[in-house]
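Letter by letter, the chains look like this.
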Amino acid sequence: MAEFAAWLHATAVSQTIQSVGWIVPLVQCIHILMIGIVFVSSLMIALRVLGRMRADEPFELVWLRFAPWMWRALLVMAITGVVLIVGEPGREFGATSFWVKMVLLVVALLVTLRLGRAPASAAARPLAVGLIVLWIGVIFLGRAIAYDVEVWQSLSSHT
Amino acid sequence: MEFAGLVNDIQASAIGEWMRSSLKAMPVVEATHVLAATMVFGTVLIVDLRLLGIPNATRAFTRISDELLRLTWWAFGLAVVTGSLMFAANANTYVINTAFRLKMLALLAAGINMAIFQGATLRGVGGWDVGVAPPRAARLAGLLSILLWVTVIMLARWIGFTKGYNFVVPDDPNIKFDF
Chain A
30 MAEFAAWLHA
40 TAVSQTIQSV
50 GWIVPLVQCI
60 HILMIGIVFV
70 SSLMIALRVL
80 GRMRADEPFE
90 LVWLRFAPWM
100 WRALLVMAIT
110 GVVLIVGEPG
120 REFGATSFWV
130 KMVLLVVALL
140 VTLRLGRAPA
150 SAAARPLAVG
160 LIVLWIGVIF
170 LGRAIAYDVE
180 VWQSLSSHT
Chain B
373 MEFAGLVNDI
383 QASAIGEWMR
393 SSLKAMPVVE
403 ATHVLAATMV
413 FGTVLIVDLR
423 LLGIPNATRA
433 FTRISDELLR
443 LTWWAFGLAV
453 VTGSLMFAAN
463 ANTYVINTAF
473 RLKMLALLAA
483 GINMAIFQGA
493 TLRGVGGWDV
503 GVAPPRAARL
513 AGLLSILLWV
523 TVIMLARWIG
533 FTKGYNFVVP
543 DDPNIKFDF
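So the protein lines, in turn, are chains A and B.
Under the numbering used here, the residues of the first sequence are numbered 30 to 188, in order.
Under the numbering used here, the residues of the second sequence are numbered 373 to 551, in order.
Bound conformation, chain A alone (with noise of 0.2 Å):
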């Protein structure tokens, strides 16, 4: 994985990233506002399944109305998140806080698929508290990525 960090960071593309300085500040940006949509559509569809937001309209409705933003953001998200990686490669790969926070994304995304299929199941609730916490998860370690040693001490990967 160092290898392949060290090979990314050489790219052309990693090394326009690198220096022109207002990429990564902007792309930070844009990757913040997509997180505030993904974060907040989540917690509503969450929160109707709880029963606790929205309990006057049917589930679908909500999901409708909810899950379409949450797609597209996470999609951009996803672009301006490969853009940070691809600038700052060894900077995610060497970071624990990276891989705990791509484990949680893959999980928040399968929790969130789970409840737009079956809102009324048993496992409903549990899995939208879930939800909830897991999104919280990604948004921790996502700022964490920068104090990696100083939040994992001797578990970081940062040598």
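To be clear, the hints were calculated from the coordinates, so they are not data collected in a lab.
Some hints could be false.
Unchecked claim - So the derived label-pair ranges between C-beta atoms look like this: (1) B:A384 to A:V132: 39 to 49 Å; (2) A:G145 to B:V497: 31 to 41 Å; (3) A:T40 to B:A487: 48 to 58 Å; (4) A:A84 to B:L480: 49 to 59 Å; (5) B:W446 to A:G80: 16 to 26 Å; (6) B:G491 to A:R81: 23 to 33 Å; (7) B:P427 to A:A149: 23 to 33 Å; (8) B:A487 to A:R81: 27 to 37 Å.
Unchecked claim - Here are some chain B residues the structure puts well away from chain A; computed CB gaps all over 10 Å: (9) V406; (10) F413; (11) A478; (12) N485; (13) G496; (14) V504; (15) A505.
In this text the structure is predicted, and so the values were computed from the model without any measurement.
Glycine included, every Cβ here is placed at the ideal spot set by N, Cα and C.
Could you slot chain B onto chain A? The hints should help.
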């Protein structure tokens, strides 16, 4: 100057010192600040889009705003607390940072926009609460709110790239982690 003295006192305070010296305080406080900011932006966006008629006007505006603005205020309170802690760590640098100053102005503008909307435009909500397009003043308030909150978040991220540090970071901190 009295203001500079106050800012200096904030930075010299025990809380400021704790924020700088604790290994975990800054990452936890910053992560909580980001979480709170995304929550403020996401919830405000839903209300603002409703003012612009997106996706439609079938759900009453007052209902959407009542159920979401509670979350917005909780998140905003959390952002103020965590933001104040970050400010205390490095107050002298923040007050002379252009991105920080502009962010405070944008926050103030967002507050004024909201106050005008709540104090004046919202008085006539009975006529456009559900089923019809909100009046021009309400749509303008929604659009301004979106633009101002995007500006706040962008300027906030810019602070991190421009502020630098006005306290000495040791070359070899020789950090030891003992369990």
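Status of the hints after comparison with the structure:
1. B:A384 to A:V132: 39 to 49 Å: Cβ of A384 (chain B) to Cβ of V132 (chain A): about 42 Å, so the range 39 to 49 Å holds.
2. A:G145 to B:V497: 31 to 41 Å: Distance hint for G145 (chain A), V497 (chain B) holds at roughly 33 Å.
3. A:T40 to B:A487: 48 to 58 Å: 50 Å Cβ-Cβ, so the 48 to 58 Å window holds.
4. A:A84 to B:L480: 49 to 59 Å: Since the Cβ atoms of A84 (chain A) and L480 (chain B) sit about 36 Å apart, the hinted range of 49 to 59 Å is violated.
5. B:W446 to A:G80: 16 to 26 Å: Given range 16 to 26 Å: holds, Cβ gap about 19 Å.
6. B:G491 to A:R81: 23 to 33 Å: Between G491 (chain B) and R81 (chain A), where Cβ atoms are some 30 Å apart, the hint holds.
7. B:P427 to A:A149: 23 to 33 Å: holds (24 Å)
8. B:A487 to A:R81: 27 to 37 Å: holds (29 Å)
9. V406: violated (5 Å)
10. F413: violated (4 Å)
11. A478: The claim stands: A478 (chain B) keeps its Cβ more than 10 Å from every Cβ of chain A (closest is about 13 Å).
12. N485: holds (18 Å)
13. G496: holds (25 Å)
14. V504: holds (19 Å)
15. A505: holds (18 Å)
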